[in-house]
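Trainee: Take a look at the letters that make up each chain.
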Amino acid sequence: MKRIDAIIRPNCLEAVKDGLVSIGVEGMTVAEVRGFGRQKGHTEVFRGTEYSVDFLPKIMVTVLAADDRVASILEAIAQGARTGKMGDGKIFVTPIDEVVRIRNGEHGDAAI
Amino acid sequence: MTEKVVRRRELRIVRVASLLIALFIVGICGSAQTGFAQSPKPDPAGIATGDRTSVTDAAGNPFVVAEPTDKTAPDYAAAKQSYDDYVAQAAKEPLATKLADGVGHLRIGTNFAWTLNTGYLVLFMQCGFALLTCGLVRKKNAAHLMMLNFAAYVFAFLAYYAVGYAFQFGAMAVNAAPANIGGTPTLNHFLIGSGSWGWLGGKGFFLAGPAYDAGSNVLTLFEVVFMETAGYIIVGAICERITFWAFLLCELFIGAFLYPVFGCWVWGGGWMSQLGSSWHLGHGYVDFAGSTVVHAVGGFCAMALAVILGPRLGKYGKDGKPRAFPAHNIVYVVTGTFILLFGWMGFNPGSTLGATDLRISVVAVNTNLAAVAGSAVAMLLWYALFGKPDITMACNGMLAGLVAITAPCAFVSPTSAVIIGVLAGALVCGGVLFFERVAKIDDPCGAISVHGLCGWLGAVSLGIFADGTYGSGWNGVGTASYLGHAGQGVTGLLHGDSRQFLVQLGGATLCAVWAFGATFVVFSVVNKIKPIRVTAEAEERGLDVPEFGMVAYPEDALVTVDY
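Sequences listed follow chains A and B, in order. My numbering applies: residue 1 is where the first sequence begins, and numbers increase by one. My numbering applies: residue 1001 is where the second sequence begins, and numbers increase by one.
Since the hints were derived computationally from the structure, they do not count as laboratory data. Treat each hint with caution, since some may be false.
[Said to hold, decoys possible] Taking lysine to aspartate or glutamate and the DMTMM-like style, the derived pairs with C-alpha atoms no more than 25 angstroms apart in a straight line are:
{"hint": "1", "chain 1": "B", "residue 1": "Lys1388", "chain 2": "A", "residue 2": "Asp54"}
{"hint": "2", "chain 1": "B", "residue 1": "Lys1388", "chain 2": "A", "residue 2": "Asp67"}
{"hint": "3", "chain 1": "B", "residue 1": "Lys1440", "chain 2": "A", "residue 2": "Glu50"}
{"hint": "4", "chain 1": "B", "residue 1": "Lys1321", "chain 2": "A", "residue 2": "Asp67"}
{"hint": "5", "chain 1": "B", "residue 1": "Lys1440", "chain 2": "A", "residue 2": "Glu44"}
{"hint": "6", "chain 1": "A", "residue 1": "Lys40", "chain 2": "B", "residue 2": "Asp1319"}
{"hint": "7", "chain 1": "B", "residue 1": "Lys1321", "chain 2": "B", "residue 2": "Glu1540"}
{"hint": "8", "chain 1": "A", "residue 1": "Lys17", "chain 2": "A", "residue 2": "Glu50"}
{"hint": "9", "chain 1": "B", "residue 1": "Lys1321", "chain 2": "A", "residue 2": "Asp54"}
All chains should be modelled from the sequences, with the hints used to inform the complete structure.
Mentor: Here it is in structure tokens:
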């Protein structure tokens, strides 16, 4: 089992969600996050004084997947989130030990 | 609960109770004034205010001809003749004079309604100021900001009720009787000074006795909301770092002393308003609706407090360069500014104290024109300087235009109003940059630039642009003719009265010195006794929780709630 965390542009969320749903992903968790990568922040002026916006708003989408489905999910996310410009985001894949469905106590792949 | 906590709480209760008792006793003393014989008699029921003496034609000429008293006057014979004619005519037509009593009462009633309703508009400005200042600060101080705005209204009002009103208007009838609302004849005594040199009013403490009068209470309602405006202007410059107790002290100081004293000099028939008759300086110091009396007093008081408090933590880096603390809610800022514009439609036109003064339409148009001109300049200037127009500066520009037109609004043409707005819009931009970068006085909402500098500019611009079409007989000057013309009103430099310009320049500058100086002295002493600034820990955390134990927004609430 794998946990897939994708950090994407906020305006790409709709496309990513639709892509994932279309390949049969049944659930996901979304969080509003902030950060920067190679694109860095930018400076703005407030009442004549410059300030830098270092941390840009992003969305983190978390999906759990059985090992054999990981490749297609990564493909779907990348397709929905890619603009080709700096700041498109990253996807992290990490192994997980256990998943439990709280409602009925199901374990493992059945609980995804 | 530990014993110590209980004892501390008991002590606090005792302290609050003794304060309330003291207030109660003072109140009793105040209302005891009612016992003395009053001359003339106050009219609390409003059934004797407004009779045939209040009836005038459109130009303000009275229906009732007064009996001339000065037998040595050159026009005595003519005046006596017209008085005798009136008496003879009145004796022949008793029904007409009776009808005139009704007309006079109706006229005063119309003006009561106008003045009270415009006063309610000014009261609504409180809401605009609260939104504007709250939106401009950081989220962690939002609840503190709202409480400051709220408490300002409460405590300054009580101070003004107790002594402020009497200090400001206690001698109104001596030199500046407001004929539009019945003349408030009972307010006729200076506590300090007399005649043309009044320094402090002396009747109407606790709104008792002479001030327990229908006409006087119209003035009270209208003027208390003006005082409140000065009271919450200061919030914009001192927020995010002042303790609540010190702020309450500021409000009591403004409501009881700082504002009423200068207000007495200019609006209460005091010495500055009489400089026209005493020293032949134009029409005396003229400030129609309070560019200086209200705004510059608030602005320069705020400046003194901001200097004493020092800048917010982290505002200036180690290199001395300012850092931006962006506004947390632009929607509040813009909404608040529009509410202020709306309220200003009461502030300026209402200052005629009467709907029967038809100049109100010109006043309303001028006020709007200066507002949009100021905003346009601030927007475009920022566009040119920094590449993007700053929304908060566009709002400040609108307020700058409004503040500046407040003094001259009744005396200038629409085009002059636009020019005054343009000047104010440019001045506020320069002021904000100057205080932020050069003077390093931290003013989160631009209160010093908007209200202080542009208030000063407003009073001075009256001395430049006043065109003489309105204000004939203002402050008792030039009732028959002025500058050789019958009906010539308040006139500025460009229209031939340089002395009016001089008195405006001097008076506006005196206002700045008074408000800054008095505040600086008093609160430097207070600050020595007990620091008026919050602790560094509280400031870093945001003042909402350290000062009030709660935050502004539910998503930041301290406790978990059930959905």
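Trainee: Can you name, in rising order, the numbers of the hints this structure does not satisfy?
Mentor: Violated: hints 2, 4 and 8.
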